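Student: Positions 0 to 287 (numbering that gives the first Met the number 0) are the ones given, in order, by the sequence shown.
What the hints contain is simulated information worked out from the structure, not anything from laboratory work. Possibly wrong hints are sitting among the right ones.
[Claimed, not checked] What follows is a set of in silico ranges between Cβ atoms, one per label pair, in the way DEER data are often shown:
(1) A261 with A196: 44 to 50 Å
(2) R265 with D140: 34 to 40 Å
(3) V61 with G150: 20 to 26 Å
(4) G174 with D96: 19 to 25 Å
(5) P273 with G150: 19 to 25 Å
(6) P56 with D96: 42 to 48 Å
(7) F163 with D132: 18 to 24 Å
(8) P164 with D35: 14 to 20 Å
(9) A264 with A39: 21 to 27 Å
(10) V61 with A32: 22 to 28 Å
(11) V269 with V147: 27 to 33 Å
(12) A196 with A39: 29 to 35 Å
(13) V270 with H57: 33 to 39 Å
(14) M192 with A32: 30 to 36 Å
[As the list claims (entries may be wrong)] As a list, the in silico EDC-like pairs of lysine to aspartate or glutamate whose alpha-carbon atoms are at most 20 Å apart:
(15) K190 with D140
(16) K190 with E238
(17) K190 with E235
(18) K190 with D112
This structure is a prediction, so every number in the text was calculated from the model and none was measured. Beta carbons are placed, not taken as given, at the ideal position from N, Cα and C, and that holds for glycine.
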Amino acid sequence: MSAGPPVRPAVRVAIAQLAVGTDRRANRAAAVAAVDAAAAGAADLVVLPEYASGYDPHGVGVHLAEPMDGPFVTALRERAAATGVAVVAGTSLPSRDPRRAVNAVLGIDAAGDIAGVYRKVHLYDAFGARESDVLEPGAPDAPPLTMVVAGLTFGVLTCYDLRFPESARRVVDAGAEVLVVPAAWVDGPLKAMQWRALAVARAIEDTAAVVAVGMARQGLTGRSLVVGPDGVVVLELDETPVLAHADLDPSQIAAVRAANPALAARRYRVVAVPTDETSGALSPSTGR
């Protein structure tokens with residue numbers, strides 16, 4: 000956890016490990032307060048968890064979805080513009096299917112403009128859960144969400160995506176130097192260990208810093224962490240709601256990539272493949 004102003008050219012990131020529920024007004028107030036607290040700590044960017052606009056442990060569906068011009072996004076845009084702090088936040092958007100919503104992550108720049116939207120590709124149909132029952136998956140071939148903050152390029156994944164190394168690699172191929180992973184990582188046997196291990200693995204294999212921000216509430220792991228491009232965990236939280244800061248040094252990322260040019264040395268590329276839209280599974284027609 001950093002104290003005092005960032006030593007430039009470091010980029011300061013605020014990690015907002017929030018407790019989120021079904022009260023959208025309370026969630027919105029907590030998100031706005033996190034932006035203000037990030038500004039008070041001289042942050043360039045604040046990262047909120049997945050589903051920061053509203054979370055229901057029984058499933059986040061249409062009952063919690065809000066449009067892009069709704070109260071949650073509008074409030075974050077206004078506070079970003081007022082404070083000069085960029086924001087990455089998970090939310091739920093209406094989908095084309097009135098029975099389902101879209102799990103989305105928004106990038107909002109320091110002027111309050113929408114930098115982009117990532118719609119979750121890998122729905123959490125695992126460990127007994129079925130996100131695809133209430134959510135519409137994002138298109139695998141949609142352009143990755145990247146945004147430049149204070150000269151550093153951040154690329155966005157969310158939650159279950161962390162288990163798919165090709166998702167991270169695709170964002171890195173789009174220029175990301177830092178992987179941002181808002182999550183509501185469900186607790187359970189080995190889950191906290193896997194969350195940490197996967198974040199570290201993504202950092203090492205992509206020679207990128209990782210900012211993985213979990214939600215803090217019963218049934219979820221919390222345990223947000225920041226990992227350097229060398230795999231060293233530089234910040235790790237517990238399960239309670241808190242806002243912390245970490246400084247990312249672009250020169251460290253460049254030095255790690257120079258010493259280990261794994262991205263340049265690889266012999267495979269990531270290609271999006273058709274999916275079964277209802278589940279996100281690979282289509283049988285691909286033969287894969």
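Student: Each hint should be assessed against the structure and marked as holding or not.
Tutor: Comparing the hints with the structure gives:
no.: 1; hint: A261 with A196: 44 to 50 Å; result: 19 Å, violated
no.: 2; hint: R265 with D140: 34 to 40 Å; result: 20 Å, violated
no.: 3; hint: V61 with G150: 20 to 26 Å; result: 39 Å, violated
no.: 4; hint: G174 with D96: 19 to 25 Å; result: 32 Å, violated
no.: 5; hint: P273 with G150: 19 to 25 Å; result: 37 Å, violated
no.: 6; hint: P56 with D96: 42 to 48 Å; result: 22 Å, violated
no.: 7; hint: F163 with D132: 18 to 24 Å; result: 20 Å, holds
no.: 8; hint: P164 with D35: 14 to 20 Å; result: 36 Å, violated
no.: 9; hint: A264 with A39: 21 to 27 Å; result: 43 Å, violated
no.: 10; hint: V61 with A32: 22 to 28 Å; result: 27 Å, holds
no.: 11; hint: V269 with V147: 27 to 33 Å; result: 22 Å, violated
no.: 12; hint: A196 with A39: 29 to 35 Å; result: 33 Å, holds
no.: 13; hint: V270 with H57: 33 to 39 Å; result: 36 Å, holds
no.: 14; hint: M192 with A32: 30 to 36 Å; result: 31 Å, holds
no.: 15; hint: K190 with D140; result: 29 Å, violated
no.: 16; hint: K190 with E238; result: 13 Å, holds
no.: 17; hint: K190 with E235; result: 15 Å, holds
no.: 18; hint: K190 with D112; result: 35 Å, violated
Violation of the numbered hints given earlier is confined to hints 1, 2, 3, 4, 5, 6, 8, 9, 11, 15 and 18; the remaining hints are satisfied by the structure.
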